[in-house]
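Throw the hints in and build the complete structure from the sequences for me.
Now for the letters of each chain:
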Amino acid sequence: MAAAAIYSLFIINKSGGLIYYKEYGSAGRMDTNDSLRVASLWHSMHAISQQLSPTVGCSGIELLEADAFDLHCFQSLTGTKFFVVCEPGTLHMDALLKVIYELYTDYVLKNPFYEMEMPIRCELFDLNLSQAVQKDRVALLGR
Amino acid sequence: MIGVGKMKQYSNVLDKPLNKGKQEVSLSAFAFLFSELVQYNQTQVDNIAELERRLEDAGYAVGARVLELLCHREKGNRKETRLLGILSFVHSTVWKVLFGKVADSLEKGTEHEDEYMISEKELLVNRFISIPKDMGTFNCGAFVAGIVRGVLDSAGFPAVVTAHFVPMEGQQRPRTTILIKFAEEVLRREARLGG
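Read top to bottom, the protein sequences are chains F and Z.
For reference, each letter of the first sequence is one residue, going 1 to 143 in the UniProt record's numbering.
For reference, each letter of the second sequence is one residue, going 1 to 195 in the UniProt record's numbering.
Fair warning: there could be bad hints in the mix.
When the alpha-carbon atoms are kept at most 20 Å apart in a straight line, the in silico SDA-like pairs for lysine to any residue are as follows [as the list claims (entries may be wrong)]:
1. K110(F) / P132(Z)
2. K110(F) / S28(Z)
3. K121(Z) / Q131(F)
4. K22(F) / S130(Z)
5. K121(Z) / N128(F)
6. K110(F) / F30(Z)
7. K135(F) / Q171(Z)
8. K110(F) / I131(Z)
9. K110(F) / L27(Z)
10. K133(Z) / I120(F)
11. K110(F) / M135(Z)
12. K110(F) / K133(Z)
13. K133(Z) / R121(F)
14. K121(Z) / K135(F)
15. K110(F) / A31(Z)
16. K110(F) / G170(Z)
17. K133(Z) / P112(F)
18. K121(Z) / E123(F)
19. K110(F) / T43(Z)
20. K110(F) / R173(Z)
21. K181(Z) / R53(Z)
22. K133(Z) / L109(F)
23. K133(Z) / I19(F)
Partner residues aside, some chain F positions facing chain Z, computed with beta carbon under 7 Å [as the list claims (entries may be wrong)]:
24. T55
25. C58
26. D106
27. F113
28. E123
29. L124
Keep in mind the hints are simulated off the structure, nothing from the lab.
Beta carbons: idealized from backbone N, C-alpha and C, even for Gly.
Printed below as a string of structure tokens:
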């Protein structure tokens, strides 16, 4: 199995705007408009699910399982959402999302040239993110 | 009486050894503080050269204090008077106290007699900082350059100190070089003192 387990990564700010989007591999490729649409759609769905959920204090959808993909979502305390679209049944995505969140707090939030809630353009974040995803992929192939 | 006589009593407060203090601070706390320092200064200026100068000035004040403190704490109130002495003091003692390690390298400039370079593969202040493309060659290491200038200037070695990114072969990230250009009077004095 040489195909990438992760299809794409999205980061959306607390008002539902897409601030980071990255594709891995060729599966599920999207143009800019589509990715923006997915981001705001997910933001709304997440908010609605929180309201509709029968459990008290529900924090929104964490995993969406479809035929062709899985969508894992992690929401930080400040409302920034990180989600990855990956191959169905891929494991340990929540751990990867935590790692990505950590990279975000380090290389984006501690960067004086980053404006809050704006698209992320930080070289160090890109660099460390691709390393983390690469590492995850290697670990996956080893399993 | 229990407990009495355990601690050595100093009649004069100046005889007490200087407390070494806590040696480590949180890197995150520092990174956020430094980030705010840069952001604040960015609101006060209208060009990059000015921002660089302001960061350097902020560092200068740190350097002047660090020299005073370290001469007292590490060197028994003695101060380096020779060029190479003060350079290795910056490269090892100052760097170790500020960044927890000695600097990666200290070299003499090949083209000019009065130039020295301290290089660092990854400068602590730049650990989390990505410079946007539109800011060109700006380097937040200007703050560290300011510290070096503060130390040298206060020790009687006036110099112009600047920070530069230098691309490295086979490395994704450029390293930061602190370029020190001493004033003429310093070299003349060195020549007079002889080897």
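Comparing the hints with the structure gives:
1. K110(F) / P132(Z): holds (14 Å)
2. K110(F) / S28(Z): holds (8 Å)
3. K121(Z) / Q131(F): holds (19 Å)
4. K22(F) / S130(Z): Holds, at roughly 18 Å.
5. K121(Z) / N128(F): Holds, at about 17 Å.
6. K110(F) / F30(Z): Distance ~10 Å between K110(F) and F30(Z) Cα, so the pair holds.
7. K135(F) / Q171(Z): Within the cut-off at roughly 19 Å; holds.
8. K110(F) / I131(Z): holds (12 Å)
9. K110(F) / L27(Z): holds (11 Å)
10. K133(Z) / I120(F): holds (13 Å)
11. K110(F) / M135(Z): holds (18 Å)
12. K110(F) / K133(Z): Answer holds: K110(F) to K133(Z) is near 18 Å, not above 20 Å.
13. K133(Z) / R121(F): Distance of about 10 Å is within 20 Å: holds.
14. K121(Z) / K135(F): Violated: K121(Z) and K135(F) sit about 23 Å apart, past 20 Å.
15. K110(F) / A31(Z): holds (6 Å)
16. K110(F) / G170(Z): Judged against 20 Å, a Cα distance of about 27 Å means the pair is violated.
17. K133(Z) / P112(F): Holds: K133(Z) and P112(F) sit about 14 Å apart, inside 20 Å.
18. K121(Z) / E123(F): At roughly 17 Å apart (the allowed maximum being 20 Å), E123(F) and K121(Z) satisfy the hint.
19. K110(F) / T43(Z): holds (17 Å)
20. K110(F) / R173(Z): With a Cα-Cα distance of about 18 Å, the restraint between K110(F) and R173(Z) holds, given a limit of 20 Å.
21. K181(Z) / R53(Z): Holds - the C-alpha atoms of R53(Z) and K181(Z) are around 16 Å apart, at most 20 Å.
22. K133(Z) / L109(F): holds (18 Å)
23. K133(Z) / I19(F): Within the cut-off at roughly 18 Å; holds.
24. T55: violated (34 Å)
25. C58: The hint is violated - C58(F) has no Cβ within 7 Å of chain Z, the shortest such distance being about 31 Å.
26. D106: With a closest approach of 6 Å, the D106(F) hint holds.
27. F113: holds (5 Å)
28. E123: Holds: closest Cβ of chain Z sits about 4 Å from E123(F), inside 7 Å.
29. L124: holds (5 Å)
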